[in-house]
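Q: Given the coordinates of chain A, assemble chain B onto it according to the supplied hints.
Chains as they are written, first to last, in the numbering used here: chain A, 1 to 373; chain B, 1 to 335.
Some hints could be false.
In silico negatives: residues of chain A with every beta carbon more than 10 Å from chain B [claimed, not checked]: (1) 151; (2) 186; (3) 192; (4) 210; (5) 227; (6) 282; (7) 325.
Looking from chain A toward chain B, a few residues come up when the C-beta cut is under 7 Å (computed) [what the hints assert, rightly or not]: (8) 86; (9) 88; (10) 222; (11) 228; (12) 236.
Honestly, the hints are just simulated from the structure, not real lab data. Owing to the predicted nature of the structure, the values given are computational and were not obtained by experimental measurement. All residues carry an ideal CB built from backbone N, CA and C; glycine is no exception.
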Amino acid sequence: MKISTRTGAIATVAALSFLVAACSPSNEATDDPTTDASTNGGDTPAELSGTLIGAGASSQEAAMEAWVAGFQAQHPEVSVNYDPIGSGGGRTQFGEGATSFAGSDALMDAEEYALAAEACDGDLGAIHLPMYISPIAVVFNLEGVDSLNMDADLIGQIFDGQVTQWNDPAIAEQNPEADLPDAAITTVHRADESGTTENFVDYLSKASDSWPYEVSGDWPNDLGESGPATSGLIQIVNDTTGSIGYVDASRAGDLGTVALKVGDSYVPFSAEAASAAVEASPLSEGANGENDLAFELDRTTTAEGAYPLVLISYSIACQQYDDANEGALVTGFLGHIASAEGQQAAADAAGSSPIGDSLSSRITAILDEIAAA
Amino acid sequence: MTTTEEDARAESAESSLTARKHSIANHTFAGISTGAASLILVTLAAVATFLLIEAWPAIMNSGGEVHDRVDWIDAERGESLVEIIGFLIFGTLLISAIALAIAAPLSTGVALFISHFAPRKLAAGLGYLIDLLAAIPSVVYGLWGAIVVIPVLQPLFSWLGQNLGWIPLFAPDPATGTVSSTGRVALSAGIVLAIMILPIITAVKREVFLQTPLLHQEAALAMGATRWEMIQMAVFPFGRPGMIGATMLGLGRALGETMAVYMILSPGLSYSLAVLQAGQHNTIAANIALKFPETNSSGVSALIAMGLALFLITLLVNMTARWVVSRRAAFSGAN
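In isolation and in its complexed conformation, chain A is listed as follows (with noise of 0.2 Å):
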């Protein structure tokens, strides 16, 4: 997995320089006076140049891919490796100062805090900046069945074995529409660590009151099925008539979904519905000064045509790069990320949420800061 995105990235990378090695002297030649007009008065330094190195979550995965490229396609003399080894591992990573910067599902604990203030220079430490929104969809294989109303105790119960069965009243009476076979329930949760496996249980024991287990990446109890990593638990989902399971938005395919109640209505995974969410939440209380954006999500929230089963990736950065080079490809890159086209770039690839156009200007405006230090 690992090995084909990088030879993947690679190949898109040779391809890219390729390109623009054979577009570059056609366009000079012809308008160069705009060129330089726009290089010199764009939002970045042109002359961008040597390799940066990040690692952390994979759920950024497919969304790093397009952001690499497309920050790639602008500054033909960088390299941006990404190693997709995991939220924990790409903490660590940073923390013992070898990456610039680290993908992550979950906020740093004060632990990792003070690992990154050490592993950064000045006294400010690291921030979290939320790049990837993306809904988590509650899958489900029934025939003839589209979409499910359920609440987040309805959801809990059946995940916790309470409810067995696909016609029992529990489900019946948020769907008089729906037309419910007498079939058993399989549940299918994530057998790895994952970021997905904790929103969606930190939803659950948040919304609802019956959910009795704390929140971790790892499933809680030993009902149901598994499976390794998305790809794994979909394959299940889509094999198995009568299962029921959670999985990043973008890879809900045909399967049918539920729309989870918010207030008095229920609403269907979109992104707007997820961006939404986000919005209504506050920042964490451990959120190291004002530049760190990191969100404590409201998973009980009542507002209007939110989505609350929301998983936010950040990116981790210094807020001070003693090196000019590395910290000017950092807020370069991120700023990039953080862009209407970059946010773009991740929809289209991964099918994640844009971050909506306030957050993104917050958080040009927290890189330019760091980059003017």
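A: Just chain B now, kept in the frame of chain A:
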């Protein structure tokens, strides 16, 4: 000086030169081969040392820090690292035992067919095919198992659960009254593992059976034995140490097999014998592959402690096999 004396002197000089050359070649070869042999020992020692050093924090702290820092050890539910390793060892042994129970008799049959029953041409082709099976990477077996084999096996498992559910092995889930609806269970993993280890066991057994002295076989036949009796009287006693060795080789591979189990099994932790229920078993190797990507430094240490446990089990299995082979060698009829 006469010519003969000169000749003799020249000859002796030449022969001492070639002798020196030989001794240099001898020494070099002896050195290289000793080096190669000791490299094995050094590697083994290095692996053991690595496992011990890296696992040490987890082994020493098994009550304290590791439990706090590792997410997948839920100390509040009363889990501990030792307990988890216990579950995993049980799962590893159970799944390997299933694989061996299927592969050992099957491989004997295939090997005997190739060595004693099949026409020569067919035997050569079949032997080649079996060697080819061994060359298929385990991840391919895993994919094949997860996508093709499991859906085929599941109806059979359902039938077993319904009709033979009173046997503890085939017991259905008490909560739902059915076996796993996906077939991602220990028995599936065992069956795919059996197919994976079949080629290596068969290849070794085939070679062993072919070594049976012709005189023994002819003697048995001359006594009026049928071919099956001849095999019982001549081939099996002669080949027993080799058969045990081959089986242990297969067991070694089954114990350490990672990808196939990782892709086929819905993992869980328990000492349950119910091989048709999902979320009950996992193996050490698959668990390490599953947990490693997202875990922190304490978690890595705990995983390496599991690796150490697997290393010890494998060592134990191999030593037992050696001991069995050496004990039986005297009675095998080979001497």
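Q: Hint by hint, which ones does this structure get wrong, listed from lowest number up?
A: Hints 2, 3, 5 contradicted; others consistent.
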